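Residue numbers (the working numbering), protein chains in the order written: chain C, 1 to 109; chain Z, 1001 to 1117.
Because the hints were derived from the structure by calculation, they are not lab data.
Interface residues of chain C toward chain Z, partial, derived using beta-carbon atoms under 7 Å:
| no. | residue |
| --- | --- |
| 1 | G41 |
| 2 | Q42 |
| 3 | A101 |
In silico EDC-like pairs for lysine to aspartate or glutamate, Cα to Cα no more than 16 Å straight-line:
| no. | chain 1 | residue 1 | chain 2 | residue 2 |
| --- | --- | --- | --- | --- |
| 4 | Z | K1055 | Z | D1065 |
| 5 | C | K96 | Z | D1104 |
| 6 | Z | K1041 | C | D10 |
Quick caveat, the model's predicted, so the values are computed rather than measured. Here a beta-carbon is modelled for each residue, glycine too, at the ideal position from N, C-alpha and C.
Here are the chains, one letter per residue:
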Amino acid sequence: GIQVEQSPPDLILQEGANSTLRCNFSDSVNNLQWFHQNPWGQLINLFYIPSGTKQNGRLSATTVATERYSLLYISSSQTTDSGVYFCAVSSTGGFKTIFGAGTRLFVKA
Amino acid sequence: GAVVSQHPSWVICKSGTSVKIECRSLDFQATTMFWYRQFPKQSLMLMATSNEGSKATYEQGVEKDKFLINHASLTLSTLTVTSAHPEDSSFYICSAALRAGGWDEQYFGPGTRLTVT
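Whenever a hint applies, use it, and build me the whole structure from the sequences.
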């Protein structure tokens, strides 16, 4: 089945810093989503982005489907950005969603 | 829009008892619902895919007789953990797929933390 790798596994930032999170996948996808899991466990949809670039406030994402990776950019990080960021994909022709292991982010005040 | 609720948010039960978890899409009809399990500091693992009116599709290694899934309507799916044991203690999360613009985007419930004593 499709493999999803996220990097880095852990990230500590000073408030105000920028960061880039990466998601590599092993096969073509028809669905890619980025989520933020807050400290209470709630998964929050950030982007649906099987290809192209999207921006929402301080967050933006780019997926290069032909090269099988996606990037999540966080600018001017805030302490409330802390949590785990997951990339999840569904392979072309499939419906099952596979999650990466996540990037655990901690933003220091 | 696209809100998914889960009930209960946490539950403690004794070993050998059964626990039912409800997942509802509040403001949309879900083509498909999914059930995940998450252990501490780990990723989400898909347990089963559920479509309204049909039997759930379980992932390899998930016991279908232990984790009973009923998808009664386009807005409600339930997961029953039967004869729960301490190793079933985990965070259970459901999601509902919303079809829009030709694709399915998943929206997640807040999760249910199960502790079996």
